[in-house]
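Undergrad: One-letter residues, chain by chain:
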Amino acid sequence: MKMSMVILILCTATLVYVQVPSGSEILKKIDQNITSESKIISSKMTIHGRRGSRTIESKSWIQGTDKAFTEYLAPAREKGTKMLKLQDQLWTYSPQTDRTIRISGHMLRQSVMGSDLSYEDYLEDPQLHNVYEAQVEGSEPINGYDCWILQLTSKKDDVAYDTRKIWVDRQRYVVLKENRYAKGGKLLKTIEVKSLLKIKTRWYPERVVFKDVLKSGAGTEFTVDKIEFDVPIDPYIFSKAALRK
Amino acid sequence: MIKFLFLGLLRDRSRSIFPLLIVSAGVALTVLLHSWMGGVQNDMIEANANFYTGHVKIITNAYLEQIDQIPNDLALLGIDSIMSTLQNEFTDLDWYARIRFGGLLDIPDESGETRSQGPVMGIAIDILSPGSQEKDLLNLEKSIVRGRLPQQPGEIVISDAFAHKLNLNIGETATLISSTMYGSMAMHNFIVVGTVKFGVTAMDKGAMVADLKDMQYVLNMEDAAGEILGFFKKRIYNNLMANKLVQKFNQLYNQPEDDFSPKMIALVDQRGLGEFLSIYDYYAKIIIGIFVIIMSLVLWNSGLMGSFRRYGEFGVRLAIGEDHSHIYRTLIYESFLIGIIGSICGTGIGLAIAYYLQVHGIDVSYMLKQSSMLISDVFRARITSTTYYIGFIPGLLATLLGSAISGIAIYKRQTSQLFKELEV
Chain A
1 MKMSMVILIL CTATLVYVQV PSGSEILKKI DQNITSESKI ISSKMTIHGR RGSRTIESKS
61 WIQGTDKAFT EYLAPAREKG TKMLKLQDQL WTYSPQTDRT IRISGHMLRQ SVMGSDLSYE
121 DYLEDPQLHN VYEAQVEGSE PINGYDCWIL QLTSKKDDVA YDTRKIWVDR QRYVVLKENR
181 YAKGGKLLKT IEVKSLLKIK TRWYPERVVF KDVLKSGAGT EFTVDKIEFD VPIDPYIFSK
241 AALRK
Chain B
1 MIKFLFLGLL RDRSRSIFPL LIVSAGVALT VLLHSWMGGV QNDMIEANAN FYTGHVKIIT
61 NAYLEQIDQI PNDLALLGID SIMSTLQNEF TDLDWYARIR FGGLLDIPDE SGETRSQGPV
121 MGIAIDILSP GSQEKDLLNL EKSIVRGRLP QQPGEIVISD AFAHKLNLNI GETATLISST
181 MYGSMAMHNF IVVGTVKFGV TAMDKGAMVA DLKDMQYVLN MEDAAGEILG FFKKRIYNNL
241 MANKLVQKFN QLYNQPEDDF SPKMIALVDQ RGLGEFLSIY DYYAKIIIGI FVIIMSLVLW
301 NSGLMGSFRR YGEFGVRLAI GEDHSHIYRT LIYESFLIGI IGSICGTGIG LAIAYYLQVH
361 GIDVSYMLKQ SSMLISDVFR ARITSTTYYI GFIPGLLATL LGSAISGIAI YKRQTSQLFK
421 ELEV
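Those protein sequence lines, which keep their order, are chains A and B. Heads up, the first sequence is in our numbering, so the first residue is 1 and it goes up one at a time. Heads up, the second sequence is in our numbering, so the first residue is 1 and it goes up one at a time.
Please keep in mind that the hints were generated in silico from the structure rather than gathered at the bench. There could be a bad hint or two in this list.
[To be verified] Negatives, chain B to chain A, calculated, CB over 12 Å: (1) Leu29; (2) Leu93; (3) Tyr96; (4) Gln117; (5) Val316; (6) Gly321; (7) Ser325; (8) Gln358.
[What the hints assert, rightly or not] Derived coverage of chain B by chain A (criterion: at least 3 residues anywhere in the stretch with Cβ under 8 Å from a Cβ of chain A; other residues may be distant): (9) 103 to 109; (10) 171 to 182; (11) 186 to 194.
Keep in mind the model is a prediction, meaning the values are calculated, not measured. In this text, a Cβ means the ideal position worked out from N, Cα and C, and glycines have one as well.
Whole structure, please, built from the sequences with the hints as guidance.
TA: Here it is, written out as structure tokens:
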């Protein structure tokens with residue numbers, strides 16, 4: 001009887017151990033969900049400032065992880081403003097000045113359109129497993145979904161956030177909550193995914209609230225209106241000439 | 001008797017020239033030091049008031065909390081209405097709306113690519129309205145090094161050193177990259193029509209001046225401004241009046257629970273100026289006090305020396321029957337005359353040098369190259385009503401005191417001993 005109890009306990013423990021994937025495996029599954037050969041996203045960004053809210057509409061063309069082009073469509077003041085990301089370089093075009101400016105240095109920390117996102121966020125490699133080492137710290141439910149809690153530590157020095165803590169949906173492998181920290185451990189940003197979209201076999205965040213902890217206001221709500229994966233994109237769009245077109 | 005003593009002083013130059021020289025020199029130094037210390041302090045107040053604080057400033061409660069970050073997203077709205085209220089109800093001051101902003105100034109090449117770029121600190125003031133005194137407050141017209149001041153929208157002036165750093169010529173386009181009131185990136189092309197030397201190192205490193213309406217458009221701040229500055233009409237800061245105004249305005253218009261309610265603050269409540277000026281004032285008083293005491297001791301000693309030197313003369317005068325108190329009185333009168341004449345001469349010399357330093361000043365820009373403080377890089381003396389009489393304190397009182405103390409010895413002289421003392 002005792003012998004059979006010991007075997008049962010050992011088997012259960014082994015089964016539980018096998019069921020917990022490694023941090024690296026979880027990150028790869030998240031990355032598979034998010035990234036694709038190409039995608040075109042139409043989105044709205046509602047910025048809840050101290051004096052009220054305003055909504056900015058944009059359309060983005062994304063190729064792999066290192067090419068992205070965004071055109072702002074509304075409101076009128078922002079219409080025609082464009083951004084181009086090519087690997088680790090970022091340019092912005094302003095129709096009022098007909099100038100293309102490369103955003104570099106301390107400007108990268110500036111907010112994009114007054115939102116809680118910075119240009120640095122825009123430049124980041126979206127594939128988490130390329131940048132971070134992950135360690136599973138436990139599990140916790142978020143909005144009724146069981147999540148793995150992962151502590152991410154950067155592999156490189158030149159990243160915007162040295163560490164991150166993410167809550168990953170155990171079934172759908174989507175990050176539902178995230179805290180981003182500076183090198184000294186100071187919390188810089190929080191991210192909460194409010195709803196998800198299912199596109200074929202993928203789960204993709206539909207409504208996300210970004211909050212820059214150092215900034216006043218109630219955060220920035222990013223909503224995906226339309227998303228298309230693996231569609232052909234004219235390579236011309238990822239050139240500086242396309243900014244002025 | 002005064003005339004008699006005066007003639008005596010003139011005829012016996014050994015009694016007058018040396019004490020007069022000492023008194024004049026001491027008084028001149030006192031006058032100069034006082035006007036210099038006051039001038040430097042005044043320059044600091046003026047530079048900060050004109051460029052940054054005003055004599056009083058109106059901002060929102062929320063803006064005040066983050067004032068060092070220039071949070072234009074927390075700026076005052078409804079500026080026209082606020083300005084009209086201020087102009088009607090607070091008539092002792094002139095009021096000016098301003099926007100301060102930071103950003104990058106980017107200079108394009110022929111193909112529109114960045115040729116040079118540098119961080120810029122900007123002030124938007126009312127340059128283009130007819131009769132606006134903002135240009136005078138920043139002394140812009142006299143500060144022009146190349147080109148001219150803006151005369152139409154879309155024109156700016158930048159600091160001359162900054163223009164050299166950017167390799168920028170007059171008439172070229174510069175793109176300002178900044179943030180709108182709502183945090184979006186703001187980009188706008190300006191024509192640089194002139195360069196200026198602000199005379200304040202922190203500004204000369206990299207500053208631009210644009211018209212208020214231009215920047216309201218660029219920063220999406222229509223009918224809004226970061227701050228409203230008030231200046232006393234005589235352009236002299238009066239702390240007592242400023243505090244009364246602050247109290248009155250805040251009682252009437254400030255609602256502490258509303259983040260965007262206007263709040264008035266005085267010059268001394270900004271940038272730690274109050275503490276700085278108190279400390280400066282305290283040390284200036286100590287330095288001037290110590291100097292006046294030292295000068296008093298020197299002049300007192302001069303009075304003592306004079307009296308001892310005339311030991312023999314007093315003996316003869318006593319011997320021929322002159323009264324002790326009469327000799328003592330004449331000694332006091334003589335020192336009074338020397339004190340008055342020396343103080344007048346010393347004050348005149350001190351005032352002349354102080355006036356020169358008030359007009360021309362001393363350029364200390366080489367010492368302020370790394371400074372980010374708003375300090376004028378030319379320190380000037382400042383002649384005030386006190387400058388006219390401060391020198392009389394050591395000049396007159398110390399001379400009189402020196403003679404009065406040394407003269408006591410006259411009463412100790414015994415007539416019976418005089419012939420022995422005089423070796424007659």
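Undergrad: Now tell me, hint by hint, if it's right for this structure.
TA: Outcome of the hint check:
1. Leu29: holds (50 Å)
2. Leu93: holds (28 Å)
3. Tyr96: holds (24 Å)
4. Gln117: violated (9 Å)
5. Val316: Consistent with the label, Val316(B) stays out of reach of chain A, its closest Cβ about 86 Å off (over 12 Å).
6. Gly321: holds (92 Å)
7. Ser325: At about 81 Å from chain A, Ser325(B) clears the 12 Å cut-off, so the statement holds.
8. Gln358: holds (42 Å)
9. 103 to 109: holds (count 3)
10. 171 to 182: holds (count 5)
11. 186 to 194: Holds, because 3 residues of the segment 186 to 194 of chain B bring their Cβ atoms closer than 8 Å to Cβ atoms of chain A.
In the structure shown, a violation is registered for the earlier hint numbered 4 alone.
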